[in-house]
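> Here are the chains, one letter per residue:
Protein chains: 2
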Amino acid sequence: MAVGLKEPGNLLPVPGVKLATTAAGIRYQGRDDLLLITLSENTKVSAVFTQNKCCAAPVTLAKAHMLKNAPRALLINSGNANAVTGQQGLENAVQNCSEVAAILGLSADQVLPFSTGVIGEQLNMEAMSQGILALESQLLADNWLLAAESIMTTDTVAKAVSRQIELNGKRLTISGIAKGSGMICPNMATMLAYVATDANISSDDLDVLLKRGTGASFNRITVDSDTSTNDALVLMATGKADSVPLDSQGLDAFYGVLEEVLIELATSIIRDAEGATKFVKVEVQGGSSEADCSAIAYSIAHSPLVKTALFASDPNWGRILMALGKAPADSLDMDLVDIKIGHVSLIEQGQPAASYTEEAGKAIFIQDEISIHIELNQGSESFHVWTSDLSHDYVSINADYRS
Amino acid sequence: MAVGLKEPGNLLPVPGVKLATTAAGIRYQGRDDLLLITLSENTKVSAVFTQNKCCAAPVTLAKAHMLKNAPRALLINSGNANAVTGQQGLENAVQNCSEVAAILGLSADQVLPFSTGVIGEQLNMEAMSQGILALESQLLADNWLLAAESIMTTDTVAKAVSRQIELNGKRLTISGIAKGSGMICPNMATMLAYVATDANISSDDLDVLLKRGTGASFNRITVDSDTSTNDALVLMATGKADSVPLDSQGLDAFYGVLEEVLIELATSIIRDAEGATKFVKVEVQGGSSEADCSAIAYSIAHSPLVKTALFASDPNWGRILMALGKAPADSLDMDLVDIKIGHVSLIEQGQPAASYTEEAGKAIFIQDEISIHIELNQGSESFHVWTSDLSHDYVSINADYRS
Numbered sequence: 011m012a013v014g015l016k017e018p019g020n021l022l023p024v025p026g027v028k029l030a031t032t033a034a035g036i037r038y039q040g041r042d043d044l045l046l047i048t049l050s051e052n053t054k055v056s057a058v059f060t061q062n063k064c065c066a067a068p069v070t071l072a073k074a075h076m077l078k079n080a081p082r083a084l085l086i087n088s089g090n091a092n093a094v095t096g097q098q099g100l101e102n103a104v105q106n107c108s109e110v111a112a113i114l115g116l117s118a119d120q121v122l123p124f125s126t127g128v129i130g131e132q133l134n135m136e137a138m139s140q141g142i143l144a145l146e147s148q149l150l151a152d153n154w155l156l157a158a159e160s161i162m163t164t165d166t167v168a169k170a171v172s173r174q175i176e177l178n179g180k181r182l183t184i185s186g187i188a189k190g191s192g193m194i195c196p197n198m199a200t201m202l203a204y205v206a207t208d209a210n211i212s213s214d215d216l217d218v219l220l221k222r223g224t225g226a227s228f229n230r231i232t233v234d235s236d237t238s239t240n241d242a243l244v245l246m247a248t249g250k251a252d253s254v255p256l257d258s259q260g261l262d263a264f265y266g267v268l269e270e271v272l273i274e275l276a277t278s279i280i281r282d283a284e285g286a287t288k289f290v291k292v293e294v295q296g297g298s299s300e301a302d303c304s305a306i307a308y309s310i311a312h313s314p315l316v317k318t319a320l321f322a323s324d325p326n327w328g329r330i331l332m333a334l335g336k337a338p339a340d341s342l343d344m345d346l347v348d349i350k351i352g353h354v355s356l357i358e359q360g361q362p363a364a365s366y367t368e369e370a371g372k373a374i375f376i377q378d379e380i381s382i383h384i385e386l387n388q389g390s391e392s393f394h395v396w397t398s399d400l401s402h403d404y405v406s407i408n409a410d411y412r413s
Numbered sequence: 011m012a013v014g015l016k017e018p019g020n021l022l023p024v025p026g027v028k029l030a031t032t033a034a035g036i037r038y039q040g041r042d043d044l045l046l047i048t049l050s051e052n053t054k055v056s057a058v059f060t061q062n063k064c065c066a067a068p069v070t071l072a073k074a075h076m077l078k079n080a081p082r083a084l085l086i087n088s089g090n091a092n093a094v095t096g097q098q099g100l101e102n103a104v105q106n107c108s109e110v111a112a113i114l115g116l117s118a119d120q121v122l123p124f125s126t127g128v129i130g131e132q133l134n135m136e137a138m139s140q141g142i143l144a145l146e147s148q149l150l151a152d153n154w155l156l157a158a159e160s161i162m163t164t165d166t167v168a169k170a171v172s173r174q175i176e177l178n179g180k181r182l183t184i185s186g187i188a189k190g191s192g193m194i195c196p197n198m199a200t201m202l203a204y205v206a207t208d209a210n211i212s213s214d215d216l217d218v219l220l221k222r223g224t225g226a227s228f229n230r231i232t233v234d235s236d237t238s239t240n241d242a243l244v245l246m247a248t249g250k251a252d253s254v255p256l257d258s259q260g261l262d263a264f265y266g267v268l269e270e271v272l273i274e275l276a277t278s279i280i281r282d283a284e285g286a287t288k289f290v291k292v293e294v295q296g297g298s299s300e301a302d303c304s305a306i307a308y309s310i311a312h313s314p315l316v317k318t319a320l321f322a323s324d325p326n327w328g329r330i331l332m333a334l335g336k337a338p339a340d341s342l343d344m345d346l347v348d349i350k351i352g353h354v355s356l357i358e359q360g361q362p363a364a365s366y367t368e369e370a371g372k373a374i375f376i377q378d379e380i381s382i383h384i385e386l387n388q389g390s391e392s393f394h395v396w397t398s399d400l401s402h403d404y405v406s407i408n409a410d411y412r413s
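Protein sequences, first through last, are from chains A and B. Under the working numbering, the first residue of the first sequence is numbered 11, with each subsequent residue one higher. Under the working numbering, the first residue of the second sequence is numbered 11, with each subsequent residue one higher.
Don't read these hints as lab results, they were simulated from the structure. Don't take every hint at face value.
All copies of an identical chain are treated as equivalent in the list; a pair is satisfied when it fits inside any one copy or across any two copies.
Restricting the straight-line Cα-Cα distance to at most 30 Å, the calculated cross-link-like pairs of lysine-lysine (DSS-like) are [to be verified]:
| # | residue 1 | residue 2 |
| --- | --- | --- |
| 1 | 291 | 28 |
| 2 | 350 | 180 |
| 3 | 78 | 291 |
| 4 | 63 | 350 |
| 5 | 372 | 63 |
| 6 | 73 | 291 |
| 7 | 291 | 63 |
It should be emphasised that the depicted structure is a prediction, and the values quoted were computed from it without experimental measurement.
Modelling step: build the complete structure from the supplied sequences, incorporating the hints.
As structure tokens, this is what we get:
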């Protein structure tokens with residue numbers, strides 16, 4: 011029951027990038043569950059990974075490979091996270107990379123492995139090996155939709171987006187896919203995302219773009235405050251569109267489109283959050299520090315009582331105030347706070363707004379997409395996050411699904 | 011559906027303490043919703059209150075009154091929290107105290123007000139006034155059960171306990187009541203508790219006992235990480251049992267019994283947590299600091315994915331490891347960690363235990379009362395918390411009830 015989320019539109023090939031999928035039967039039957047992405051020579055790759063101390067074998071190996079060599083291929087499986095699988099799990103990930111390297115004529119450290127799915131079970135290596143062998147013949151530039159579908163777990167809709175921008179007379183393309191719908195919290199979550207462009211961007215510039223873009227997108231979404239063992243966001247620039255790297259003006263323009271792509275992918279995850287019936291933006295403004303604004307935004311976005319009120323379409327602003335009051339903010343004067351839902355004023359200077367009516371509040375909360383604005387009136391800093399509600403289906407999905 | 015929670019047993023009067031209840035009709039119909047507790051002269055009173063910055067009018071007033079005068083009466087209403095009610099709410103709380111003072115021949119600042127229930131609505135002052143007038147004639151020493159029942163909101167079982175201890179040839183009594191079942195998190199929650207004794211304890215000693223006892227009980231429980239605007243725990247010592255204050259040896263012995271009472275009341279709240287089907291203790295040992303152990307215990311106890319797995323009786327240890335790994339602990343080496351559920355070893359040195367079987371895990375998780383032991387093997391510090399699972403009923407209760 012994704013909120014306002016449609017199947018991906020027209021997805022554009024990115025020169026230098028090919029994708030192949032296959033049904034390896036790792037866990038799911040009758041659907042693709044293995045994805046190979048290949049990159050042309052000289053492609054620059056930047057990535058961010060989960061900060062969970064319990065990180066999966068492929069995360070450990072992907073980080074190590076990126077330090078050693080320039081990635082030329084990414085292998086992603088769904089259905090099994092290869093997390094908490096010990097030495098055997100690491101050896102399996104190494105073997106996966108070697109097998110991919112063999113069919114592509116690369117060295118193993120040019121292959122980055124990624125996994126998503128159940129924690130604590132060893133990969134079915136026979137299925138993986140068979141799947142890898144089947145991939146090479148499927149490699150196509152125009153496979154972005156199949157790629158997005160192959161990495162889904164509890165996702166109900168495939169997540170993919172393409173954008174183009176013309177810079178210096180060259181048409182640049184950005185295409186990206188993502189998966190994730192639960193265990194989503196800032197600083198990476200059960201989330202995989204792969205974004206490629208044919209722009210020519212230096213490694214250092216790519217790192218800067220990715221860091222900035224992550225801060226504006228994937229690090230601002232939360233479903234349930236739970237962060238996973240496997241998250242990764244990879245940004246790839248093949249440079250095929252231009253022989254000259256983007257200059258700082260070009261990078262700025264490019265970043266604008268990249269940020270759109272990243273925000274669309276990140277918010278797609280929230281729109282498809284497990285059991286979600288609402289898509290909610292919590293905006294905190296007027297704080298004396300961004301840290302305070304972030305603490306307040308997440309306190310509201312994580313509160314089970316706020317989330318159940320959202321599910322009930324009940325504008326229970328007492329719970330919003332409660333979540334605001336419990337936030338670990340350094341500087342918060344409740345008597346200065348204004349709160350609006352949509353365009354409706356709820357709280358003015360810490361007190362119920364005289365103009366507020368239950369009817370007006372209900373008319374906002376009954377909607378699928380809700381914004382909650384907190385004005386702290388204490389400074390000029392701000393922060394916003396996107397989140398979902400807490401529904402019966404969230405409980406059903408997570409009480410029934412072994413993830 | 012309280013987990014292993016029975017109706018209160020035999021409740022003992024505490025010399026110097028009288029209690030009266032009445033059905034004032036503040037919100038609920040056909041049940042008592044107003045409680046008066048009176049204290050004999052020279053009773054020492056110590057209290058801790060919510061740390062939510064959005065605290066209710068009665069909390070503000072009770073704190074102010076305690077600074078001014080020795081409390082002789084407590085007025086507690088259920089059904090309306092008198093929170094986020096502005097100047098009017100504060101004036102209403104003052105008026106409540108004045109009316110109680112008038113019927114008892116006290117000054118208003120000798121009365122402490124407490125409220126629990128819906129946030130953001132003004133008290134029905136006519137109902138309050140009528141109720142207060144009806145209370146005096148009902149004052150009895152033996153009214154602890156009615157008192158416990160009158161302060162319930164979403165509670166399904168009244169929470170009360172009595173204990174006795176003989177010290178220096180004197181029999182000392184402790185009786186206490188509590189309410190709360192959601193919006194429960196450390197540092198006070200939607201929780202009210204009143205504990206009285208006839209022991210003779212100095213004000214300073216009483217403060218020390220309360221602080222220590224709160225740390226061992228009410229500050230170690232969490233339902234949903236949400237803390238309320240109205241929480242309070244009040245400890246009262248009438249001194250009627252003895253003319254001589256307890257010495258340090260006596261205080262130690264007394265504390266042992268007091269801690270039992272506080273833990274029983276605090277864990278009653280978790281057993282009666284909204285929608286709870288499980289009563290769960292999360293124990294973290296072998297940490298290099300108590301702060302790390304606490305961060306890990308709460309990360310597990312708050313995780314929606316762990317809580318839904320508990321509801322499903324699914325020993326999904328991957329989620330426990332995920333919650334452990336995301337905890338903001340300064341010092342955590344996943345390769346050293348051992349985890350047990352009940353007596354069953356799940357994880358040894360960061361890897362699935364060779365002896366573990368799904369069957370053995372399931373046999374533990376199917377039980378109503380579950381303990382999760384984390385051994386960090388990094389030091390000698392420890393911490394434990396009590397929590398509940400996340401069920402469909404939690405969502406129903408909080409999507410339907412305006413609290």
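> Indicate, hint by hint, whether the structure satisfies it.
Consistency of the hints with the structure:
When the C-alpha separation of residue 291 and residue 28 is checked against a cutoff of 30 Å, the pair qualifies neither within a copy, at 35 Å, nor between copies, at 50 Å. Taking the shortest Cα distances, residue 350 and residue 180 never come within 30 Å of each other, neither inside one copy (44 Å) nor across copies (60 Å). In this homomeric assembly, residue 78 and residue 291 never come within 30 Å of each other (Cα to Cα): the closest approach is 40 Å inside a single copy and 45 Å across copies. Taking the shortest alpha-carbon separations for residue 63 and residue 350, only the inter-copy value of 19 Å comes in at or below 30 Å, while the best intra-copy value is 38 Å.
When the C-alpha separation of residue 372 and residue 63 is checked against a cutoff of 30 Å, the pair qualifies only between copies, where the shortest distance is 26 Å, while the shortest distance within a copy is 42 Å. With identical chains, the CA atoms of residue 73 and residue 291 are never at most 30 Å apart, being 33 Å at best within one copy and 36 Å at best between copies. In this assembly of identical chains, the alpha carbons of residue 291 and residue 63 lie at most 30 Å apart whether taken from the same copy (29 Å) or from different copies (23 Å).
In terms of the numbered hints stated before, the structure departs from hints 1, 2, 3, 6, listed from lowest to highest.
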